[in-house]
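Participant: Here are the chains, one letter per residue:
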Amino acid sequence: MGILGGEGFSLPVVTSTEVVDVQIEFTEPAKRAMKSTMGEDGATHVVIISAESGGCSGYMYDMQIVEDPNDDSFQRLDVGGLTVLVHNKDSEMLSGIRVDYKDTLMGGGFQIDNPNADRSCGCGQSFG
Amino acid sequence: MPPLDLHPVAEVMPSPCSVSVLKGNTAIEHLDRTLTVKTSEIKIGDRVDGLLCNANGRILDRLMICNLGEDMLLIGNHGVGDDTRENLIRGIPWNEEIIVMNGDAAITHLRLVGGAVNRCLAGLGIDTLEISEERWIEYGSALISHTDYSELSVVEILVPTAELVEFTALLHENGAISPDRNRCESLRIELGILDYRELNSAFLPFELGLGHMVSLNKGCYPGQEIHARMDSRGKASRGIVRLRMHSDVAVGKHKVPGIGSITVTASAKAFEGSVALAVVPLPAISLEELKFEGGLIAAMQSL
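Those protein sequence lines, which keep their order, are chains R and C.
Sequential numbering of the first sequence, starting at 1420, is according to the numbering used here.
Sequential numbering of the second sequence, starting at 59, is according to the numbering used here.
Worth flagging that the hints you see were computed from the coordinates, not collected in a lab.
A virtual CB, placed ideally from N, CA and C, is assigned to each residue, including glycine.
There's no promise every hint is true.
Stated by the list, open to error - Away from chain C, derived, C-beta distances all over 10 Å, residues of chain R:
hint, residue
1, 1454
2, 1456
3, 1492
4, 1495
5, 1514
Claimed, not checked - Just a few of them, taken from the derived set where beta-carbon distance is under 8 Å, the chain C residues facing chain R:
hint, residue
6, 88
7, 144
8, 163
9, 174
10, 200
11, 216
12, 219
Please construct the entire structure, taking both the sequences and the accompanying hints into account.
Facilitator: Here you go:
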């Protein structure tokens, strides 16, 4: 479709993001659950905690176990021998969070309490 | 209510808008996470209209989306493009490469309304039977679709701004005229076309009759909890109506004895007086007329 072929489009839009030194508190149950989930991958893999748009409140938390990207855009935290990464772009939103783990059938799993959030949704997976 | 006063052929109304382009393999998924409607199944050439809302469920922008293949074209409200783009950029996940571009100056949105729009478009070689509400068709570099309102179908045209003069001249050659600003506004009000005056954070989608732009089964998006609660607990407390009066009414909040506060979002001179759009308390919607403080009487009509 040729509608984008003309002039008048900008270069990619960028927004400025404040980068702060990330501090995250992990409860003992959260540390145990991460270690258990990582298993033997702990030496080569990392946990990335991030925020993306969506959820009821504007942003959703995401936790992924991935091979260490060795990327300077991330801040590295040592959590009981495991490496947790937070991308600089998410640092302002996620610094100060407390990660807990609840071993329950309903609504269990990792829970994040975020002091930066003005609000969070009922299921606790998103914040704004 | 008097019949709609239409030009015998067509009137071309410029519709001020913002234009954004999303590039990237996951642009569709990103929109799906962010908007009130499901975009995950949008095919090339498809049109989907959705809302960007805040966590309180209030409207931040209304987006007319076109899937252009590698790019997603977003036509939004006039004046809020920068906020919408920032909103979209801030939520891009670390592992997705999505580029957002500003095209506010690149594309112009026109609406074509009239008694013989088909004849006007046929003169350009466009088969109006091919124009639908769910798809964009190409005409040169322009894209054409239509939107059905309660009174009439309105043709939506997106044209590169560089080609606007040439394109408008073609429409004029085929019988269309370009009305003045007041006529554009009165037509917009008569047809119930909502724009940035209504589609903003003062209102919730259900208050403006936009329930069709809210998907209650697609999963979470900003505002979803509020929308779901409104749906399950009995909808909105206000609704939008058209007012018709013998004299002007100012845009803004007004007190109506016995009703409470109403918000007039737009007003324009029309045949034998003026027309306006207003958001009124729900119990008042079924009334035939409103009497403003000061005595002005307005006939009321639902959109």
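Participant: Does each hint fit the structure? Answer for all of them.
Facilitator: Structure-based check of all given hints:
Consistency note on residue 1454 of chain R: stated as away from chain C, and its beta-carbon is indeed over 10 Å from all of that chain's, at 23 Å minimum. Every CB of chain C lies more than 10 Å from the CB of residue 1456 of chain R, the least distance being 19 Å, so the non-interface label holds. With a least CB separation of 8 Å from chain C, residue 1492 of chain R falls inside the 10 Å interface cut-off, contrary to its annotation. The beta carbon of residue 1495 of chain R is kept farther than 10 Å from every beta carbon of chain C, the shortest such distance being approximately 14 Å.
Listed as a non-interface residue, residue 1514 of chain R keeps its Cβ farther than 10 Å from every Cβ of chain C; the least gap is roughly 15 Å. Taking 8 Å as the C-beta contact cut-off toward chain R, the hint placing residue 88 of chain C at the interface holds, the least distance being around 7 Å. A cut of 8 Å between beta carbons decides the hint on residue 144 of chain C: the least distance to chain R is about 5 Å, and the hint holds. Because the beta carbon of residue 163 of chain C sits about 4 Å from the nearest beta carbon in chain R, less than 8 Å, this interface hint is met.
Contact between residue 174 of chain C and chain R, as hinted, is not supported at the beta carbon level, the nearest pair being about 26 Å apart and thus beyond 8 Å. With a least beta-carbon distance of about 7 Å to chain R, the hint placing residue 200 of chain C at the interface is held under the 8 Å criterion. Here the hint on residue 216 of chain C is kept, as its CB sits about 6 Å from the closest CB of chain R, short of 8 Å. Annotation: residue 219 of chain C was flagged as interfacial toward chain R, and the flag holds, the nearest CB pair being 6 Å apart, inside 8 Å.
Going down the numbered hints, you'll see the structure goes against 3 and 9, while the others check out.
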